[in-house]
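Undergrad: The sequence shown: position 27 = 27 (full-length UniProt numbering), numbered continuously.
Check the hints yourself; a few may be wrong.
So the derived label-pair ranges between C-beta atoms look like this [as the list claims (entries may be wrong)]: (1) Ala-139 <-> Gln-65: 38 to 46 Å; (2) Met-67 <-> Ala-158: 37 to 45 Å; (3) Ser-61 <-> Leu-111: 25 to 33 Å.
Subject to a maximum C-alpha distance of 16 Å in a straight line, what follows is the list of computed EDC-like cross-link-like pairs (lysine to aspartate or glutamate) [to be verified]: (4) Lys-71 <-> Asp-96; (5) Lys-57 <-> Asp-88; (6) Lys-118 <-> Asp-96; (7) Lys-72 <-> Glu-105; (8) Lys-71 <-> Glu-52; (9) Lys-103 <-> Asp-122; (10) Lys-72 <-> Glu-52; (11) Lys-41 <-> Glu-52.
The hints are simulated quantities; they were obtained by calculation from the structure and are not laboratory data.
Note that beta-carbon positions come from the ideal geometry of N, C-alpha and C, so glycine has one too.
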Amino acid sequence: MKLKRVKSAKRTAVGKRETVTGPESILSALTPGLCIDFHPKESGVYLVGTWEGLIHKCSASNTQQFMDTYKKHFGAVVSVSWSPLCLDVFLSCSLDWSVQLWKRERFTPALRFTSAQKAVLDIRWSPRRATVFGLINEAQLEIWDLHHSTLDPLLVHAAPPSVSLTSLTGQVSVYLLSNVYSPQGAQVTAREGPLSTVGVKET
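Can you build the whole structure from these sequences, using the hints too?
TA: Pasting the structure below:
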């Protein structure tokens with residue numbers, strides 16, 4: 001993928017156009033790349049999802065052409081994720097409402113997942129379980145376990161009212177308070193409350 005500086009035009013006082021090269025203005029030479037993920041073991045190999053719905057497998061040692069191209073999505077590919085445990089497998093998600101599971105040597109997806117008629121905005125594999133991944137759309141978080149089902153998510157958690165989800169990136173904080181007085185009957189509630197506190201980092 002190549003990035004290049006592009007020219008922008010501005011109007012002068014008399015209405016004529018003047019060409020100006022903006023130092024901050026960059027654009028893909030071919031098509032916009034929306035996401036990238038590097039292979040967990042082969043650091044020079046990476047995937048790029050594009051606005052056109054294509055996924056390109058690229059090599060850092062060859063900047064002139066793609067290694068492979070995967071085509072199945074009908075909308076922009078907004079997230080790709082290599083499996084950290086099955087190194088020849090990756091996931092992609094798109095604004096076409098779908099998630100596709102790929103094997104790197106095959107150019108058609110092995111599986112397709114969809115549960116809601118909404119754009120899928122982010123996707124991540126579990127770092128410990130090879131069959132588990134999470135995804136989000138604007139309205140909910142879904143946890144899938146391929147060992148359990150390939151048709152329906154194992155868990156669906158709706159976003160609170162007026163909240164839109166955009167990313168799986170975040171931070172979970174767990175607190176344990178000590179030496180805090182509470183009545184005898186409220187000890188369990190007082191202990192469980194702080195342990196269930198979850199903070200999500202703004203992105």
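Undergrad: Would you mind marking each hint as holding or not holding in the structure?
TA: These are the hints, each one checked on the structure:
no., hint, in the structure
1, Ala-139 <-> Gln-65: 38 to 46 Å, "holds (39 Å)"
2, Met-67 <-> Ala-158: 37 to 45 Å, "holds (40 Å)"
3, Ser-61 <-> Leu-111: 25 to 33 Å, "holds (31 Å)"
4, Lys-71 <-> Asp-96, "holds (13 Å)"
5, Lys-57 <-> Asp-88, "holds (12 Å)"
6, Lys-118 <-> Asp-96, "holds (8 Å)"
7, Lys-72 <-> Glu-105, "holds (15 Å)"
8, Lys-71 <-> Glu-52, "holds (9 Å)"
9, Lys-103 <-> Asp-122, "violated (19 Å)"
10, Lys-72 <-> Glu-52, "holds (10 Å)"
11, Lys-41 <-> Glu-52, "violated (28 Å)"
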